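Please construct the entire structure, taking both the sequences and the accompanying hints into account.
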Amino acid sequence: MGATLEIEFAAVPDRIQALEERLRKVENRLAYVEGQSAEDRVTLVVFSGDLDRVLAAFLIATGAAAMGQQVSMFFTFWGLSVLKKDNQLSGKTFFQKMMALMSPDSSKSLPVSKMNYLGVGGKILRSMMKQKNVSSLEEMISLAQELGVRMIACEMSRDLMGIADSELIDGLESAGVGSFLADSLNSRTSMFI
Amino acid sequence: MGATLEIEFAAVPDRIQALEERLRKVENRLAYVEGQSAEDRVTLVVFSGDLDRVLAAFLIATGAAAMGQQVSMFFTFWGLSVLKKDNQLSGKTFFQKMMALMSPDSSKSLPVSKMNYLGVGGKILRSMMKQKNVSSLEEMISLAQELGVRMIACEMSRDLMGIADSELIDGLESAGVGSFLADSLNSRTSMFI
Amino acid sequence: MGATLEIEFAAVPDRIQALEERLRKVENRLAYVEGQSAEDRVTLVVFSGDLDRVLAAFLIATGAAAMGQQVSMFFTFWGLSVLKKDNQLSGKTFFQKMMALMSPDSSKSLPVSKMNYLGVGGKILRSMMKQKNVSSLEEMISLAQELGVRMIACEMSRDLMGIADSELIDGLESAGVGSFLADSLNSRTSMFI
Numbered sequence: 033m034g035a036t037l038e039i040e041f042a043a044v045p046d047r048i049q050a051l052e053e054r055l056r057k058v059e060n061r062l063a064y065v066e067g068q069s070a071e072d073r074v075t076l077v078v079f080s081g082d083l084d085r086v087l088a089a090f091l092i093a094t095g096a097a098a099m100g101q102q103v104s105m106f107f108t109f110w111g112l113s114v115l116k117k118d119n120q121l122s123g124k125t126f127f128q129k130m131m132a133l134m135s136p137d138s139s140k141s142l143p144v145s146k147m148n149y150l151g152v153g154g155k156i157l158r159s160m161m162k163q164k165n166v167s168s169l170e171e172m173i174s175l176a177q178e179l180g181v182r183m184i185a186c187e188m189s190r191d192l193m194g195i196a197d198s199e200l201i202d203g204l205e206s207a208g209v210g211s212f213l214a215d216s217l218n219s220r221t222s223m224f225i
Numbered sequence: 033m034g035a036t037l038e039i040e041f042a043a044v045p046d047r048i049q050a051l052e053e054r055l056r057k058v059e060n061r062l063a064y065v066e067g068q069s070a071e072d073r074v075t076l077v078v079f080s081g082d083l084d085r086v087l088a089a090f091l092i093a094t095g096a097a098a099m100g101q102q103v104s105m106f107f108t109f110w111g112l113s114v115l116k117k118d119n120q121l122s123g124k125t126f127f128q129k130m131m132a133l134m135s136p137d138s139s140k141s142l143p144v145s146k147m148n149y150l151g152v153g154g155k156i157l158r159s160m161m162k163q164k165n166v167s168s169l170e171e172m173i174s175l176a177q178e179l180g181v182r183m184i185a186c187e188m189s190r191d192l193m194g195i196a197d198s199e200l201i202d203g204l205e206s207a208g209v210g211s212f213l214a215d216s217l218n219s220r221t222s223m224f225i
Numbered sequence: 033m034g035a036t037l038e039i040e041f042a043a044v045p046d047r048i049q050a051l052e053e054r055l056r057k058v059e060n061r062l063a064y065v066e067g068q069s070a071e072d073r074v075t076l077v078v079f080s081g082d083l084d085r086v087l088a089a090f091l092i093a094t095g096a097a098a099m100g101q102q103v104s105m106f107f108t109f110w111g112l113s114v115l116k117k118d119n120q121l122s123g124k125t126f127f128q129k130m131m132a133l134m135s136p137d138s139s140k141s142l143p144v145s146k147m148n149y150l151g152v153g154g155k156i157l158r159s160m161m162k163q164k165n166v167s168s169l170e171e172m173i174s175l176a177q178e179l180g181v182r183m184i185a186c187e188m189s190r191d192l193m194g195i196a197d198s199e200l201i202d203g204l205e206s207a208g209v210g211s212f213l214a215d216s217l218n219s220r221t222s223m224f225i
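Residue numbers (our numbering), protein chains in the order written: chain X, 33 to 225; chain G, 33 to 225; chain W, 33 to 225.
Since the hints were derived computationally from the structure, they do not count as laboratory data.
Hints are supplied without guarantee of correctness; some may be wrong.
Chain copies aren't distinguished; within one or between two, either way the pair holds.
To be verified - Each computed DSSO-like pair below joins lysine-lysine, with the alpha-carbon atoms no more than 27 Å apart:
(1) K164 - K129
(2) K140 - K162
(3) K164 - K146
(4) K146 - K124
(5) K140 - K129
(6) K140 - K164
(7) K140 - K117
(8) K155 - K129
(9) K124 - K155
(10) K146 - K129
(11) K117 - K146
(12) K129 - K117
(13) K124 - K162
(14) K129 - K162
(15) K164 - K124
Bear in mind that the values here come from a model prediction, so they are computed numbers and not experimental data.
Laid out in structure tokens, this is it:
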């Protein structure tokens, strides 16, 4: 062994120790970044109850689910109309009855956001979709459920409007804003529709 | 020392050097990922001045702040009505006066996005919230400020509409789209409401 | 060499092997995080065809592009009106003709979302912007194209409404929801406007 090699070997324990320390720091930083990193997840707030906007929400949701994302749709306020199968008046306060009577009683009677003309706009949009073989909203809701899209009714909105379980379609969850945020904060894409 | 062990030791300096180089690359990649990684931050654009949509914005903002997120709300266009305490006409151009006269003069007179019926819709929504002990919009604005939610008035909208400081509630910042983007690009969730 | 130093050297191959294994794990975790990490990218869905909302979309898009982000704007449904230079009726079905006749024939005739008053609102907003030297929508569209903002017309909406290439301004792409999601999932900010 020559002198150079001996010096090289003498430095070995220090170099290893330095490596171990650097690696420990990297592992800690990586763990933090992993915690901040988004999951394969998409979260949508469906606030609107307009047929055109709701269709856009379901196109995004089913598309994302087909691409392997975990998808959550939070239906709140006017968006709750999408999840209704019926309007019931018993057990509602005066204001809740008024709200129910003026709201669509199911996804089939959603208005459009522009040019609604007392419901004609919604019918035209549905006719155009049928002519072009675009799935109907009801077909998209079924497809979303088949693809494992979580459909969640906003608890506060339900409580405010007095909407009973029996007024809603099957296979839903109910949750609050905290649950929405837990999903949204870990999502690659979140949208308010 | 046997022959195998000697060979093992001879490889040590090369293995250490290889490790050092790999670790250097990992550190560089990690620094880049850290730069791209979102902070614990939520950024909302409040474009709408409709009571129902604004309430949704404040529920998300206060919920996120309570969960430890840094929250920024950028109020722009119709959303500026939320921040007004008064309409003043002096110092405004003709169009700005028209705009002011047709806009709500404070958060208390915001319309709802659907079924407004000349203001009745907003009153009904407020009554329903009161019956159900949901915080009023004004309580939510206070809560947001207590929780450290940054409320920012869009400079360009203010300038366009000629809105003076004295027309706005206290504790606000004013900033432009660059400031909004700086927050939004580093946020885990950004929404346009 | 003393006894301690010899023991220290004896541990070297094990310590190096341990380091190599830890580093391999870190590299794998880092590669995963890199895959989840957002690019310098902003993706906007322009669903609305209202002048006020569309202006907000272009302010965000051009601002983000100026800050070095890759920006994609997906124009869908009412938002397609922004990209039109003309309405043509030939080759359209009955419903598509009705839709075309009731929609703006270019970005110059977009309504505003509130206080439109049969088009007066849009004219007032444009006058206010001119007085304050804010770029017009058409100037912002040009600026966006100069800054390399990708403007994409939603294929399904085009097909539904029967919109031909000759009805749209130059320099556009057409794509579906999958293409939108591919961009959005890798974006630091995505918004539905």
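Consistency of the hints with the structure:
no.	hint	result
1	K164 - K129	between (38 Å within a copy, 15 Å between copies)
2	K140 - K162	within (14 Å within a copy, 31 Å between copies)
3	K164 - K146	within (21 Å within a copy, 30 Å between copies)
4	K146 - K124	between (30 Å within a copy, 21 Å between copies)
5	K140 - K129	both (20 Å within a copy, 24 Å between copies)
6	K140 - K164	within (19 Å within a copy, 29 Å between copies)
7	K140 - K117	within (9 Å within a copy, 34 Å between copies)
8	K155 - K129	both (26 Å within a copy, 15 Å between copies)
9	K124 - K155	between (30 Å within a copy, 18 Å between copies)
10	K146 - K129	both (26 Å within a copy, 16 Å between copies)
11	K117 - K146	both (24 Å within a copy, 21 Å between copies)
12	K129 - K117	within (16 Å within a copy, 33 Å between copies)
13	K124 - K162	between (37 Å within a copy, 15 Å between copies)
14	K129 - K162	between (34 Å within a copy, 16 Å between copies)
15	K164 - K124	between (41 Å within a copy, 12 Å between copies)
In the structure shown, no violation is registered for any of the earlier numbered hints.
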